[in-house]
Amino acid sequence: MRRDEENALVKNGRLDAVDRSDSFGFGVRAMADGAWGFAASQIVSAPEADRVGALAVEIAKASALTKKRDATLAPVEAVRATYETPVDLDPFAMSFDDRIKLLMAAEARMRERKGLRTTRAAYAVWREDKLFMSSEGAEIAQRLTEVGGGIAAEAVGNGELQIRTYPDGLRYQNAGGWEILTRWDLMVNAERVADEAVALLSAKPCPQDTITSVILSGNQLSLQCHESCGHPIELDRALGSEAAFAGTSFLTPDKLGTFRYGSAQVNIRIDATSKGGLGTFGFDDEGVPASEGWAVKDGIFVGYLMSRETAAALGTRSNGTMRADGWARVPIIRMTNVSVMPGNAGTLDDLIADTDDGILMDTNRSWSIDDKRFNFQFGTEIGWEIKKGKRRDMVRNPTYTGLTPEFWGSCDAICSESEWVMWGTPNCGKGQPGQGAHTGHGAAPARFRDVRVGVIK
Amino acid sequence: MNGILFGERELRTIAERAMRAAKGDQAEALVIGKTVSLTRFANSAIHQNVTSREAELRVRVVLGTRRATATTNRLDDDGIRRAAELASDLARRAPEDPTFPGLPAPRPIPSAPSGYVEKTAEATPLDRARAAKTLCDKASAVKLIAAGFVATNVQEIAVASTLGTWAYAPQTYAEAQIAAIGGDGSAFAQRVSTDVTGLDVEGAAAEAVGKAAIAQHPRDLAPDTYEVVLTPYAVRDMVSFLGMQLNGLAVEEGRSFVGGKIGQKVTGPITLVEDPFDSRSIPRPFDFEGQPSDRVALIENGVARAVVYDSVTAHRNKAINTGHALPFVGLPAPMHLRLEAGDKTREQLVAGVKKGVLVTRFWYTRWVHQLRTIVTGMTRDGTFAIVDGEIAHPVKNFRFTQSYHEALGGVRGASKDLSLLVAGEQFGLMTSCQRVPALHLAAFTFTGSTRY
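Protein sequences, first through last, are from chains A and B.
What the first sequence shows, in my numbering, is residues 3 to 459, in sequence order.
What the second sequence shows, in my numbering, is residues 53 to 504, in sequence order.
Please keep in mind that the hints were generated in silico from the structure rather than gathered at the bench.
There may be inaccurate statements among the hints.
DSS-like cross-link-like pairs, simulated, lysine-lysine; straight-line CA separation at most 27 angstroms [what the hints assert, rightly or not]: (1) A/K459 to B/K317; (2) B/K370 to A/K63; (3) A/K459 to B/K448; (4) A/K116 to B/K75; (5) B/K195 to A/K69; (6) A/K116 to A/K257; (7) A/K257 to B/K317; (8) A/K63 to A/K206; (9) A/K257 to B/K195; (10) A/K70 to B/K195; (11) A/K459 to B/K313; (12) B/K407 to A/K13; (13) A/K277 to A/K70; (14) B/K448 to A/K13; (15) B/K407 to A/K63; (16) A/K13 to B/K468; (17) B/K317 to A/K116; (18) A/K459 to B/K407; (19) A/K277 to A/K389; (20) B/K407 to B/K370; (21) A/K132 to A/K277; (22) A/K103 to B/K75.
Among the chain A residues that face chain B by a calculated CB cut under 7 angstroms, a handful are [what the hints assert, rightly or not]: (23) D21; (24) A48; (25) P49; (26) T68; (27) F98; (28) D100; (29) L104; (30) N160; (31) L163; (32) D187; (33) M189; (34) A330; (35) Q434.
Looking from chain A toward chain B, a few residues come up when the C-beta cut is under 8 angstroms (computed) [what the hints assert, rightly or not]: (36) E162; (37) S293; (38) V332; (39) I354; (40) D358.
Keep in mind it's a predicted model, so treat the numbers as computed, not measured.
The C-beta atom is built at its ideal place from N, Cα and C for all residues, glycine as well.
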């Protein structure tokens with residue numbers, strides 16, 4: 003596996019950092035005596051492959067010391083195949099000058115606004131070439147390409163530090179080429195986020211400890227989905243594999259197919275074939291083809307993210323969600339693209355017009371959820387009061403909290419397909435040693451009733 | 053040296069090749085070697101068992117006030133040359149930065165206790181599996197389920213520059229974590245040691261298993277502001293968050309609670325020290341720019357005294373570089389925090405609480421308001437009501453939303469023992485560790501609760 007990345011950060015008018023990196027190596031996952039071992043090396047040679055393969059087997063045999071039962075795998079057809087992310091404008095074929103000028107210009111536009119303390123613009127270009135082979139006969143070559151970035155304006159004053167970003171923190175990312183970044187109008191929005199960051203310093207605080215209706219922006223709903231649906235539907239969590247670290251799940255196997263996760267409005271799809279998703283690929287790191295299916299259908303929990311081993315425990319086949327963070331890490335179950343499907347509430351303006359009283363919350367700033375994925379609390383960069391169908395005063399430090407099934411159960415409207423965007427989380431942490439994953443989440447703005455807002459005083 | 057270490061000579065050779073291949077006014081090479089070995093168990097059986105040996109080179113090339121970096125793990129001649137040329141090319145194309153002072157000049161690095169123990173580097177898969185089995189067996193013996201890991205890690209850090217900087221240090225650390233899980237409650241324990249032979253696996257098992265036994269069937273307790281006793285696992289989280297604010301960049305950007313308050317009281321009577329020479333931590337006397345790291349008293353008896361800097365932020369803010377550059381240039385941080393001990397046993401801390409809560413561990417903690425150090429998170433793996441100085445019963449986990457430095461304004465006691473801990477999400481490279489006591493705090497605000 004070879005990974006190439008370039009990350010650049012422009013801050014306060016200077017190029018604060020630019021780093022180009024590559025990493026190349028291989029990993030071997032072996033099953034011996036019914037248990038697992040994994041070893042990896044960056045020395046890519048036949049003798050090293052022999053050594054690392056033998057070490058993986060030695061480690062597997064050591065694992066067998068505590069074995070309760072033999073590991074078993076659901077079947078998969080061993081195939082020879084290739085896959086490549088569709089790319090219009092190859093970011094690695096462009097000149098650095100072309101990449102950096104977009105950031106410099108957008109960051110400079112923000113600095114035209116007086117009253118900002120810090121301005122940032124960043125991009126990330128990422129590519130992974132990997133070859134998967136198994137002793138079952140699979141041979142799969144893939145090239146995955148991603149681009150991301152954004153702008154951020156920070157203002158400090160009145161005992162406050164306020165931030166506005168576009169399009170989604172500095173972490174917006176999609177699968178594809180440089181066209182991903184240029185389709186967002188950073189220049190026009192630079193002026194807006196700069197103005198909003200300054201305005202937030204004197205905005206009224208979010209109403210304290212109040213129950214009201216909340217409309218979440220699409221990018222905030224995507225993270226809500228990631229944390230409160232994507233993680234609890236990971237079958238390794240539900241079966242206890244992450245019990246000491248990432249945690250378990252309230253969505254235990256006995257609930258599959260019957261548990262009411264949300265209102266009938268809520269449909270959440272697992273789809274590793276979605277255009278542009280960070281969880282879009284040809285095959286997972288067990289050689290299982292990308293698939294699509296439902297996690298939540300009409301509000302009912304109906305599907306897990308699975309590996310071959312966890313699928314076998316349920317007597318089914320894997321839906322292809324095992325991914326490793328580079329050559330030196332063992333594949334584990336990761337979200338692919340877990341997306342809230344659009345509803346029929348029209349545009350965001352239509353949804354606001356349909357709301358008598360509430361708060362619109364936009365773009366994540368703070369996120370936390372318990373280790374079974376029940377109790378969550380999120381904060382967003384900005385909010386606006388909604389009164390009688392109109393967007394009114396801006397509010398600062400908006401927060402909301404709840405319990406996952408009750409919250410999704412209170413969802414009564416989701417905007418239509420025209421508002422639906424494939425967002426992404428390029429920094430999802432899980433596993434020990436730690437692994438970061440890139441996951442996709444499509445979402446449109448949605449409304450939730452009777453939500454507790456304003457947690458901080 | 054054994055077969056696990058790359059060794060000073062090999063890392064120096066890589067660094068020198070990179071600097072020779074760089075085309076700039078100045079060049080710096082950071083070479084990191086590491087062997088990460090981790091045996092993970094869940095449902096009382098090993099399910100993930102991994103090892104990887106990795107090394108990477110980061111070259112920073114400076115041309116006037118322009119600079120760029122390139123990172124590679126291809127450490128043959130071609131790979132090194134390619135990275136150096138890439139960084140040189142990017143630096144040539146980068147815009148000028150008048151605030152950049154150039155690479156720091158070399159300074160003598162004082163001697164420090166070694167953070168390297170050969171036996172840790174030599175630990176085998178079987179050694180780790182046996183330790184994991186001990187943890188699993190102790191839990192199984194009382195019908196609990198064990199999950200956690202045993203790890204042995206080796207890392208080497210070498211920094212060189214064309215100005216003459218050379219710094220090298222190997223480090224090791226072994227770690228055991230266990231969650232002992234019953235039908236309706238769990239408990240957690242962690243041990244960290246540079247020396248695997250001193251890793252207290254039995255102690256971790258006894259702590260988690262003993263606490264899990266009394267953690268079953270938690271009751272509801274209304275979220276409110278309570279007196280709390282925090283074990284070192286929870287205190288480590290507080291110290292880490294405050295550490296993120298105790299640096300020159302946070303002050304410069306207006307996000308630090310000590311901004312404009314140096315010399316003023318910011319907490320209760322605690323003393324927080326950045327001590328890279330602490331022999332009971334994982335010492336390293338230099339930073340990732342090869343600069344000597346100073347011992348810095350950050351908060352003394354509740355009074356903000358100083359923050360840490362790297363070369364760039366020190367120059368921009370007309371401060372003295374304390375030698376606290378992280379691998380990511382421009383981001384300084386304390387890496388060896390120690391919250392000084394008190395004079396009480398942990399039992400005495402609990403005995404001092406009339407009505408309150410004992411928290412074993414915080415989970416999923418995130419900023420809500422950085423400037424006010426407001427953090428939200430959950431309690432996890434052992435939360436108990438304290439009544440009249442005794443642990444009364446387990447309670448369901450809370451969500452808290454609390455200013456960390458304001459909570460430290462009400463310190464009523466600290467334990468006389470310190471625990472060496474590391475964060476759980478370091479992605480293979482251990483950059484920081486903490487030594488902290490248990491604390492008794494007068495007030496901590498829980499804003500919600502969950503169902504277990």
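Can you name, in rising order, the numbers of the hints this structure does not satisfy?
Failing hints, ascending: 2, 4, 6, 7, 8, 12, 13, 14, 15, 16, 17, 19, 20, 24, 25, 28, 29, 30, 32, 33, 37, 39, 40.
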